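Visitor: What follows is the residue order along each chain.
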Amino acid sequence: SQTIHQWPATLVQPVGSPLSLECTVEGTSNPNLYWYRQAAGRGLQLLFYSVGIGQISSEVPQNLSASRPQDRQFILSSKKLLLSDSGFYLCAWMGRENSPLHFGNGTRLTVT
Amino acid sequence: DAKTTQPNSMESNEEEPVHLPCNHSTISGTDYIHWYRQLPSQGPEYVIHGLTSNVNNRMASLAIAEDRKSSTLILHRATLRDAAVYYCILRDHFGGANNLFFGTGTRLTVIP
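In order, the protein sequence lines correspond to chains A and B.
Quick note: the first sequence uses the numbering used here, first residue 404, plus one each step.
Quick note: the second sequence uses the numbering used here, first residue 6, plus one each step.
It is possible that part of the hints are untrue.
Here are some of the chain A residues that sit facing chain B, going by a computed Cβ distance under 7 Å [claimed, not checked]:
{"#": "1", "residue": "GLY419"}
{"#": "2", "residue": "LEU447"}
{"#": "3", "residue": "LEU493"}
{"#": "4", "residue": "SER502"}
{"#": "5", "residue": "PHE506"}
{"#": "6", "residue": "GLY507"}
{"#": "7", "residue": "GLY509"}
Label pairs and their calculated CB-CB ranges [unchecked claim]:
{"#": "8", "chain 1": "A", "residue 1": "HIS408", "chain 2": "B", "residue 2": "LEU44", "range": "17 to 23 Å"}
{"#": "9", "chain 1": "B", "residue 1": "ALA68", "chain 2": "A", "residue 2": "ARG499", "range": "23 to 29 Å"}
{"#": "10", "chain 1": "B", "residue 1": "ALA68", "chain 2": "A", "residue 2": "SER470", "range": "39 to 45 Å"}
{"#": "11", "chain 1": "A", "residue 1": "THR513", "chain 2": "B", "residue 2": "LYS8", "range": "26 to 32 Å"}
Don't read these hints as lab results, they were simulated from the structure.
None of these values were measured; they are calculated from a predicted model.
The beta-carbon is built from N, C-alpha and C at its ideal position, and this holds for glycine as well.
This is chain A alone, in the form it adopts within the complex (with noise of 0.2 Å):
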């Protein structure tokens, strides 16, 4: 079966430090891969997606980036953390078309 694992579960840094969020999927091949943003009280917000190796689309210009270095594993990167960085970072993936999302435990984020 299928499992998608992300890590850590809670993270706190400071302005300024790096960040990355990695992302792996298990039981599956050539999935399409999302990262997504929840601030508090608020919708999903997605970030970027990849649809195979080396292939990144962002939605949304902020101080974020994505690389997708094997088949399976989507990190989510930042130089320089800003406050507003901080949120729920949720991974998924989807299969073949129109199969559902599947999402990880997400990491909560926390830039003090």
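Chain B: place on chain A using the hints.
Guide: For chain B alone, coordinates are given in the frame of chain A:
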């Protein structure tokens, strides 16, 4: 992209049925209606989806209006574990998940 409208919150007594409404008056002919739910501090999980006919699965039922401009997610017997935020979203049959709009959903409170 077509959007959906849901009540901000609803309450239900435990072991009673719950009907969660969703309006999508601008739905297109190729849009599927998807429902997800998000438990506290977790990523959203897929619940059910449909196109025109009513759908049933082990988690819930989906009733779709004849004109497809509204739908209702039905939990037949609410349990405390069903307390979550429920999202109704539209998804084009031929599209990926990069244009899905997760709003603020309906926060369901289950009263013991």
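Visitor: Against each hint, give a clear statement of whether it holds in the structure.
Guide: Hint check results:
no., hint, result
1, GLY419, "violated, 27 Å"
2, LEU447, "holds, 4 Å"
3, LEU493, "holds, 5 Å"
4, SER502, "violated, 9 Å"
5, PHE506, "holds, 3 Å"
6, GLY507, "holds, 5 Å"
7, GLY509, "holds, 5 Å"
8, HIS408/A x LEU44/B: 17 to 23 Å, "holds, 18 Å"
9, ALA68/B x ARG499/A: 23 to 29 Å, "holds, 26 Å"
10, ALA68/B x SER470/A: 39 to 45 Å, "holds, 42 Å"
11, THR513/A x LYS8/B: 26 to 32 Å, "holds, 30 Å"
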